[in-house]
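Start from the sequences, fold in the hints, and give me the full structure.
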Amino acid sequence: MSILGLKKKQPKTFKVKVITMDAEMEFSCEVKWKGKDLFDLVCRTVGLRETWFFGLRYTIKDTYAWLKQEKRVLDQEVPKDSPITFHFLAKFFPEKVEEELVQEITQHLFFLQVKKQILDEEIFCSPEASVLLASYAVQAKYGDYDPNFHKPGFLAQDELLPKRVLMQYQMTADMWEEKITAWYAEHRGIARDEAEMEYLKIAQDLEMYGVSYFAITQNKRDTDLLLGVDAQGLHIYSPNSKLNPNKSFPWSGIRNISYSEKEFTIKPLDKKKDVFKFYSSQLRVNKLILQLCIGNHDLFMRRRKVDSIEVQQMKAQAKEEKARKKMERQILAREKQMREEAERAKEDMERRLFQLQDEARLANEALLRSEETADLLAEKAQIAEEEAKLLAHKAAEAEQDRQRLEVTAMKSKEEKRLMEQKMREAEQLAVKLVEQSERRLKEADHLKQDLTEAKDAERRAKQKLLEITKTTYPLIAAYSTPPAPPEAADFAYESASTRVDFKDSDMKRLSMEIERERLEYMEKSKHLQDQLKELKSEIESLKLEEQQQQAGVYSLHNEARGYVQEPVYIPHSNRNSAYMSQMAFFEEV
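Sequential numbering from 7 applies to the sequence shown in the numbering used here.
Quick caveat, the hints were computed from the structure, so don't treat them as lab data. Don't be surprised by glycine CBs; every beta carbon is placed ideally from N, CA and C. Heads up, a few of these hints could be off.
[Stated by the list, open to error] In the DSS-like style, the derived pairs of lysine-lysine whose C-alpha atoms are separated by at most 27 Å in a straight line are: (1) Lys542 <-> Lys514; (2) Lys454 <-> Lys530; (3) Lys86 <-> Lys67; (4) Lys67 <-> Lys147; (5) Lys97 <-> Lys248.
[What the hints assert, rightly or not] Label-pair ranges, simulated between beta-carbon atoms: (6) Ser88 <-> Asp68: 18 to 24 Å; (7) Met416 <-> His533: 29 to 35 Å; (8) Leu275 <-> Gln75: 26 to 32 Å; (9) Ile337 <-> Pro245: 53 to 59 Å; (10) Arg194 <-> Thr51: 32 to 38 Å.
Structural data, given as structure tokens:
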């Protein structure tokens, strides 16, 4: 089988996928390529010249490793996948980003990587600093703030703050956006590369910036610790605190770093200080620590030396490029300002034009309305003149009618006076009749009383006469005197009957006189009622005529004044109240 494997044709190339912070690239590499060949190819593709900060990182088992440039790619412990995935990341961080990062692409890659580490909470950042960094990130992405374009909610899809900060405060997404936008509006005029540099200048002051952490144990007490490697030196941390180191070894104070399998030894430059030893459990991690220490120390020493010719050329070119871009930005800003001023002037002219058009339209409408008003006023003047003539004619007619009504009123006054005289006579007559009727009623009551008394006396007399006749007459005839002759008895009886007949005839005569007087009184009352009815009808007709005359006078007077009013009758209460009471009395009578 080994012989067959040797004879099998080996592939001459292998595929690689490289993931940068803002792109993915695939390459076909030769089998004999070293790590430096692949790294240079990526740098040329990206356009990066400051290559000493970056490296190709890959994941193996539970940790990561950096591709070594002096060894072949396939000879290293890279994944056996196809394509092999590498991440193009910053391996070493500068001490001062503004002085060391020259190229714009270098600044951009660092900006993207540090931003991702902050959002993933690999670098601790306070809420205030997070909001400020987010505002510079927004400025780098969207440019200058424009309230007409950047409406509320335009940051809804952007991840700008760590989840820890969002959960720390009970604030909505709109409230966070309002805070970020308030800072973002103050960054007006800052270009993208300047905003990214400001972001990095703030981020480099964070405690966890550029630090690579590794779990270690101390030699004697076997205590769990954390080792931090950065551009300043080595730092020892407690496991629960990555912000404040317990002990630090700056690169300038380290004489030597060595390791033997799992043991690391840090020898200070000052021989009086103790040697610090620690252990790491994995050999791969030990190699990574040593690799990072060597690289950071080399960069630390390099910063203290004069820049190489290549770096000087890069800085000069970068300076010229920045000056050129600054000039371009100034020209662009000036052109933009002029364009904005021209647009504002255009808008003002258009607004002024629309305003003048509106004023002209309003003036035309006002002119048309004034012409219509003039025509209407002329027509109204003509109508008013005709109405004045008509009113003058009506006034003359009303004056004639008034004079005629005055004559009629004078006649009606005379007739009223005669009617009032007749009414007074009728009142007097009524009073007399009332007095006569009262007197007659009293006399009739006396006569009825006398008649009743006479009837009672006659009845009692007849009663007594019969009793006397029955009781006394036989005794007298038998015991005292001889019987009277028949003639005498007959005479006595006739005398008594004559007295009775006389009283009956008087009563009949008296009744007949009373009846006759009652009939005469009834006839007189009937005659008086007929006269009163005629008088009432005459008064009603006079009142109706008076109302019509007054209505005519009022209508003529109103026509003469220019309007028509409904006729109103005003009753003469003082004059008619006595008449109405008298009529009621006569009707009762």
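Contradicted hints - numbers only: 1 and 4
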